[in-house]
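Single-letter residue listing:
2 protein chains.
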Amino acid sequence: MEYIYEKQKELIILERIDSLLTWDKHTTMPKNGFRTRSEAESLIETISHKLLVSNGLYDSVRRLRKANLSKEEKAMVDKLYRRILKSRKLPEEFVGKMSKETSLAYGAWVEARKKSDFEIFKPHLERIVKLKIKEASYIGIKGHPYNSLLDHFEEGMTVERLIPVFAKLKVDLLDLSAKVESSEVYKNKKIRYIKLNFDRDKQMKVCRDVSRRIGIDEDFSRIGVSEHPFTAKMGIDDVRFTINFHDNVMHAFSSTIHEVGHTLYDLNTPKNYTVLSDAPSFGIHESQSRFWENMIGKSRSFWKYYLKKFRKEFRINPKLDEFLIEVNDVHNGLIRIESDELYYCLHIILRFEIELGLIDGKIKVKDLPKIWNEKMREITGKYPKNNAEGVLQDVHWSSGYFGYFPTYAIGTIYAAQIFNSLKKKYPDIEDDITAGDYTKIREWLIKNIHSKGSLYLAEEIIRQCCGEGLNPEAYIEYLTTKYREIYKF
Amino acid sequence: MEYIYEKQKELIILERIDSLLTWDKHTTMPKNGFRTRSEAESLIETISHKLLVSNGLYDSVRRLRKANLSKEEKAMVDKLYRRILKSRKLPEEFVGKMSKETSLAYGAWVEARKKSDFEIFKPHLERIVKLKIKEASYIGIKGHPYNSLLDHFEEGMTVERLIPVFAKLKVDLLDLSAKVESSEVYKNKKIRYIKLNFDRDKQMKVCRDVSRRIGIDEDFSRIGVSEHPFTAKMGIDDVRFTINFHDNVMHAFSSTIHEVGHTLYDLNTPKNYTVLSDAPSFGIHESQSRFWENMIGKSRSFWKYYLKKFRKEFRINPKLDEFLIEVNDVHNGLIRIESDELYYCLHIILRFEIELGLIDGKIKVKDLPKIWNEKMREITGKYPKNNAEGVLQDVHWSSGYFGYFPTYAIGTIYAAQIFNSLKKKYPDIEDDITAGDYTKIREWLIKNIHSKGSLYLAEEIIRQCCGEGLNPEAYIEYLTTKYREIYKF
Chain C
1 MEYIYEKQKE LIILERIDSL LTWDKHTTMP KNGFRTRSEA ESLIETISHK LLVSNGLYDS
61 VRRLRKANLS KEEKAMVDKL YRRILKSRKL PEEFVGKMSK ETSLAYGAWV EARKKSDFEI
121 FKPHLERIVK LKIKEASYIG IKGHPYNSLL DHFEEGMTVE RLIPVFAKLK VDLLDLSAKV
181 ESSEVYKNKK IRYIKLNFDR DKQMKVCRDV SRRIGIDEDF SRIGVSEHPF TAKMGIDDVR
241 FTINFHDNVM HAFSSTIHEV GHTLYDLNTP KNYTVLSDAP SFGIHESQSR FWENMIGKSR
301 SFWKYYLKKF RKEFRINPKL DEFLIEVNDV HNGLIRIESD ELYYCLHIIL RFEIELGLID
361 GKIKVKDLPK IWNEKMREIT GKYPKNNAEG VLQDVHWSSG YFGYFPTYAI GTIYAAQIFN
421 SLKKKYPDIE DDITAGDYTK IREWLIKNIH SKGSLYLAEE IIRQCCGEGL NPEAYIEYLT
481 TKYREIYKF
Chain A
490 MEYIYEKQKE LIILERIDSL LTWDKHTTMP KNGFRTRSEA ESLIETISHK LLVSNGLYDS
550 VRRLRKANLS KEEKAMVDKL YRRILKSRKL PEEFVGKMSK ETSLAYGAWV EARKKSDFEI
610 FKPHLERIVK LKIKEASYIG IKGHPYNSLL DHFEEGMTVE RLIPVFAKLK VDLLDLSAKV
670 ESSEVYKNKK IRYIKLNFDR DKQMKVCRDV SRRIGIDEDF SRIGVSEHPF TAKMGIDDVR
730 FTINFHDNVM HAFSSTIHEV GHTLYDLNTP KNYTVLSDAP SFGIHESQSR FWENMIGKSR
790 SFWKYYLKKF RKEFRINPKL DEFLIEVNDV HNGLIRIESD ELYYCLHIIL RFEIELGLID
850 GKIKVKDLPK IWNEKMREIT GKYPKNNAEG VLQDVHWSSG YFGYFPTYAI GTIYAAQIFN
910 SLKKKYPDIE DDITAGDYTK IREWLIKNIH SKGSLYLAEE IIRQCCGEGL NPEAYIEYLT
970 TKYREIYKF
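Quick mapping for you: the protein sequence lines, in order, are chains C and A.
To convert, note that position 128 of the first sequence is 128 in this note's numbering; the numbers rise steadily by one, no gaps.
In short: position in the second sequence from 1, add 489, done, that's this note's numbering.
One chain only, chain C, in its complex shape (with noise of 0.2 angstroms):
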């Protein structure tokens, strides 16, 4: 036993040290700091790696199969297992081609999208959709081979749970949509505050006075400033995110919102070094950043608080119900990470229809284009002007990522039910929030669900806080009942 959880700290240890080099790649290192940074990357990779795949660890794990084990422990060799199992089974000459293609691809990506020109990653893309079907063969996973893909993101998930519910969503969100669209108060809608720029110290001071608020503690946590927004696990007591500063002042607010909501997650997972001390699945981890980001933040509650904040730092004056219409403002656009709470997720299952198609052979990589745009046009009523801000608006596919999308719109639908439940229980919590005091909120996610670590699949927990797994009825009745208080319809 000793020797399991020996070798779990060596493996999350390295995790740990690669997310350093990731944040500083992109908070801090020169720009040619990349010759090295690579390198590291790769090395620390295939220490992990090897270390995961060692016949000494399996051979333990197996054994320990057998043992008597408390519950808490057999979860832990289970999941290890698990993991062990998976990497074993990808031959290692399939992980160097794996990895090759996909740091090829990532740089054609960058300058197809830079001239909208789909031709320069077709081959790249068409090369790693066929890696992709191969590394679901070697998985193996029952039904749809798309399963073996995103149970890497979000363990034990499967596209025959996943359809019927992205098809429910799909259709309410499209009614959804269209009642905002066609109300008088959406026809008349004036953006005028959120969209304005101010000095970007005085915007971080504010980032800086929300993200304690929520309970970020400086003495566990940076604020990096990147390219795009994420969070990063350096270690038990030190998890780090980033913003940006675009020409609005809602961008580095709402992604430091959201990004609070993972580093509060990554601080509060079991402080130790086994594989059940990080967040079971993608979209667990994405329903806290939702939930902070969208469901708190996006708030009347919340704002009857903290308007007098942004009136007060940034002099500006606008009334609580117009600045709602603004934070919580629909638009039919065709870029994913632009798009709202209404269109978010069906941005998500475009995605992921195309997906199943590659993965499965229904679609073709060169027939991308065409199909992209006529789905977007089934979405937002609109074609896309070219591929730039079409099929190549995401880095996910040139990195490999498929399956990942997904577990942004399971993250939100997690969220939804999340506050409903916390809603159950608290029933006065709205009051709370109107008095800034986030306290009840945190520490009912702390113990419900970050505690957890992954003790339990993503839906169990849900399940044991919830009532239920996943389920898009109470995002579709949250949705309803904030847009047509706003939008009147």
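Treat each hint with caution, since some may be false.
Said to hold, decoys possible - Covered, in the sense of this in silico footprint (three residues per stretch, anywhere, with C-beta under 8 angstroms from a C-beta of chain C), are these stretches of chain A:
| no. | segment |
| --- | --- |
| 1 | 496-507 |
| 2 | 520-527 |
| 3 | 615-621 |
Please keep in mind that the hints were generated in silico from the structure rather than gathered at the bench.
Virtual Cβ for every residue (Gly too), placed ideally from N, Cα, C.
Based on the hints, put chain A in the right spot on chain C.
Same frame as chain C, now just chain A:
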């Protein structure tokens, strides 16, 4: 051959990762990051050590030593062999013990210095000295047992070589300081400008400026802020340094120039991943920082150009002559890191004498405070008021760094020899410095020192570009000329 290139690359990349762990720890890491950070540092160290002492690497290096190799390859294989042999001589248990002792000793030293209570540190230092004596016997370099410790920092250098060099240096420095201190200029000196404190952003602006002028490109470097300034090499094209802002403007400025010297060196060593791709010793590395900090950064020619920047940025208006006296202020202080070009090496020689005695058994740890204070009086004419400003002032011994101090003096001596040699090659170099143009100097250093990596031992590199090995005469001559001009004795 390919195998040992690959393994060297792994070793070097691990060193670079370790540098990042250190850089981040001192510049960015939140307070509570230390828990995982020390685990990460120790894991990287363990992985490196295992790799270095592995039988596979040992056997292939031994085979290669008998092969027909180019001069460079032979130097590389020999250096790698020496490193491996040294590491294999230290039993794993011993290495673990040392690491544990020093990590405990550091905390004890911090507390002891804070309370100015040597008794707190004494038992730790006694254990460390005992271990260092043991280490010296494991390594077993001939001559004085201290040679085995010195060799770690200054390969090839010996106590037997250093004793006469330091003896001459001590006599000459004491003589020179007496002359300075009895001069009329010294007696009437006023410190009015260099201790002024200015806005940190302005100080940083000037530090960035001088760094860029000397030749550090921002695409290859970063300036961080940490408690103690240092330089860290994170990659072939990524070398960074830190500074700190004390309550006087010259602190950040001088340490910038010092660290720029280190940074320039590390950015211009051979761009590969072999044991020859770094500097051959701490002393020659320090020669670069001292050269820029003192020979250039405290010279009349430098300030002829740079004083106008100070005047403009900080809105002060000293005369050049006044300012030069301040920059080259001599003071018989008790603290090494606050001392000047005259006293610095005397502080080092004091520590060298004590280290020799501790390692050959002639000095007992319990007698250290008394011995320290007497030696200090011999140099400065003053007794320390307490052990915090006496024997407890340096962190080095708590880390087990015996043999490190001499490299500061060796570097200072080399710096003067280099300056001499440079002036012979470019008799009009002062004109360039006065014009703020360091191109020739930088290129000379790159060609004659940086680009050699550790193809030769440090002293051999100095011999090749200066015509002779370690010799304090150039330093004494440099000081005499400079201080005679300033202090008019």
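Against the structure, the hints come out as follows:
1. 496-507: Satisfied; 6 residues make the cut.
2. 520-527: holds (count 6)
3. 615-621: Check failed, 0 qualifying residues.
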